[in-house]
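Novice: Here is how the chains run, residue by residue.
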Amino acid sequence: MSAFFSTDTAAFLAGALGRTLWMTIIGCTLGLLLGAGLALLRRTQLRALAPLRLLALLHVEGFRRVPFLVILMFVLFFVQAVAPDLSLLGIATLAVTLTASAYLAEIVGAGLDAVPRPQVESAQVLGLSWWDRLVRVVLPQAWGVILPPAAAFMVMFVKDTALASQLGVVELAFSAKILVNKGVSPLLGYGAVLLLYAGISWPLGRAARLLEKRLGAHRHR
Amino acid sequence: MRPLLLLLWLLLAGPVLARDLASIRAAGVLRVGVNPNFPPMSSYGPGGRLQGFDVAVAGELARRLGLGLELVPTEAASRVPFLVSGRIDLSLGALTITPERRALIDFSVPLHSEAMGVITTDRLPVARWQQLNRADITLVNMRGNQSVAVLAEKLPRPQRLLVDGNADTIRAIAQGRADALVENVDFFIGFTRNYPDVRWRVLPDPIFTAWCGIGLPKGQEPLRAAVDAALIAMHRDGTVNRLWQAAYGAAMTVKVQPDQYRRVGASGPAGYRLDWRPVLAQLPYLAGGAAISLLIAVVAFAAGSVLGLAAALARLGGPGWAARTAGAYVAIITNTPALVQIFLLYYALPQAGIRLPGLVAVMLGLSLNAGGYLADILRAGIQSVRASELEAAAVLGLSRADTLRHVMLPHIIRTVYRPLANFFIVLVLGSSMAALFGVEELTGRAINISTANLRTIETFAVTGLLYIGLTLLASGLLALAGRRLLRVRA
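Chains as they are written, first to last, in our numbering: chain A, 4 to 224; chain B, 12 to 501.
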């Protein structure tokens, strides 16, 4: 049994924790932007955009129906062909972005649809441009509906990044495996990492629920 | 998916991405892929630096070629894409030379042997490897290793357990999940030191000897010639055997002989050509895996529903201790990854003397996990029944059973049906984690296929489509059942 309680182990776990957070925060933020773009694209009417709408539909439906593990493998090989210098962490972050964008597109879409149609139609009659309708009429109202489930989704994704261990990214789950392979007891190694995950996820989850209550109160329930 | 595949094909079939010798020399750095979890070949040592036989060989090769060295950690599945794309120039890591792999990548002359022998314990009373051919014996193997195929031929009768890491094989024997490992004894014996209480044995005489070379991208003849020349010189002056001795603390069981120094014929054209036939030939095997994936999801959903309902009722109307226990259960489950939960069940429970097979550990882990999430969904459903409706039912004089049946249940079902159906899809996708515990479901079988033939791109494209088909089918059936049987839209 090698020593578990040491500064070496602490530094190792801290680095892994950093990579878990990096994948979640960067990946989900990019995913939210991409997802918002997809949701908006799917709600356009322009005929010329029809092929793009189909692509958006395939993206959203496809990425929500393939396991994250398989998406990780797929992104790995795809990236090898286009950007061979991207790090494994970058590849995993891209996989998070693509997966999250599919789910977040649905969340954003539900928020957009929650804005009463007559409002959009009257804005159109008043001659507001597409952009003005979006920024001045739709988003201010949709925001409160989108943010709570989007935040909850991101908190949930902290845990899904554990699968990036299979790519060779030394994040929390993989760091536990490495420690256990070095002779640390499985209960201690995996138990410690379980606590670390709970330590991130639980407060963030509380914050997300608080956000939901705050914003929910604004939208007279 | 379709346009994506087309794009992939265009990208991969066309350009040659690997670096040739001239551009490597211009950059001044040789990029070598090593497996970071493969002591004593290569692993992270003190200070997080890679060390081992492969690392020393890579350093020596780079020195003799007059180049700097950059080590790139690679997993078994990423070796070929990394080579083809030029992320690495050479791939180390006990890459067995096989005709199937020669179709995809080139090899140097042999670097070392791979003498397959048997590692077992005093629990198994056999003296020679031939005696292992019995159905009551379980052999553990590392997924994707060449030994898997050889075993199926030489020792067809024993059951087999596939695991993902080198250390996992020895742990499986130490924990009693398997009886013996048929593998390169040199590579694996080091892990037995993690289990000093077990009485380890190595059976005499190797079953089979294979040869491992350095992997190179196709069509890089000058690079291959330079690497071969350096490697042959390293064999001649004893450097390879010296580095082996230093890393393993023992001589190579079967040494590379001078008559193996000659080089094999010229390689084919450069680049990667997609070939779907090897994967499509395995479609029935993959479909069988999909059935196991579905089974795992169904079991986890059923058991999770029971657990979730109990937890939801305990939190809503149970006595204080029950509500608190259920609350803690839901908090723990929903705040930690399912993967780590199953790791604990699979690897830590044996410390307490409870040993679960991979499939059982995954089903149990996913059931516990599903219970936590379903508790939240069901609780929200039960809470969706308004007090005013219950009061109205009471005023109308409905019995408790009638209130439940005609007032509460329709409400609850309408609220929870869609989230439940969505969660079932989540479970189908989540069942892919079983692959990491040696279960041969859809993802596990895809990994099996791709590590043997190295056609990872084709294999995972087909697997992705199978998952899409599987979940579309499940969603469709659930929506139909909801409309027809429960009159809810899902």
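These aren't lab readings, by the way, just hints derived from the structure by calculation. Each residue gets a CB set at the ideal place from its N, CA and C atoms; glycine is no exception. Errors might be hidden in some of the hints.
To be verified - Okay, the calculated bits of chain A under chain B, using three or more residues with CB under 8 Å as the criterion:
| id | region |
| --- | --- |
| 1 | 60–70 |
| 2 | 73–83 |
| 3 | 118–127 |
| 4 | 187–197 |
| 5 | 201–215 |
Stated by the list, open to error - Beta-carbon label-pair distances, calculated as ranges:
| id | chain 1 | residue 1 | chain 2 | residue 2 | range |
| --- | --- | --- | --- | --- | --- |
| 6 | A | L142 | B | R498 | 32 to 40 Å |
| 7 | B | R495 | A | P119 | 29 to 37 Å |
| 8 | B | G329 | A | A17 | 36 to 44 Å |
| 9 | B | R495 | A | A17 | 33 to 41 Å |
Novice: None of the hints should be skipped; say for each whether it holds.
Specialist: The hints, checked one at a time:
For the region 60–70 of chain A, the proposed coverage by chain B is satisfied: 7 residues have a C-beta within less than 8 Å of a C-beta in that chain, meeting the threshold of three. A count of 8 residues in the region 73–83 of chain A with a Cβ less than 8 Å from any Cβ of chain B is obtained; the coverage claim is therefore met, three being the minimum. Under a criterion of three residues with beta carbons nearer than 8 Å to beta carbons of chain B, the stated coverage of the region 118–127 of chain A fails, only 0 such residues being counted. By the rule of at least three residues with a Cβ nearer than 8 Å to a Cβ of chain B, the coverage given for the region 187–197 of chain A holds, with 7 such residues.
A count of 4 residues in the region 201–215 of chain A with a Cβ less than 8 Å from any Cβ of chain B is obtained; the coverage claim is therefore met, three being the minimum. In this structure the supplied range 32 to 40 Å holds for A:L142 paired with B:R498, their Cβ-Cβ distance being about 36 Å. Between B:R495 and A:P119 the Cβ separation comes to about 33 Å, which falls inside the hinted range of 29 to 37 Å. Between B:G329 and A:A17 the CB atoms are about 40 Å apart, so this pair conforms to the stated range of 36 to 44 Å.
Look at B:R495 against A:A17: about 54 Å separates their beta carbons, and that is not inside 33 to 41 Å.
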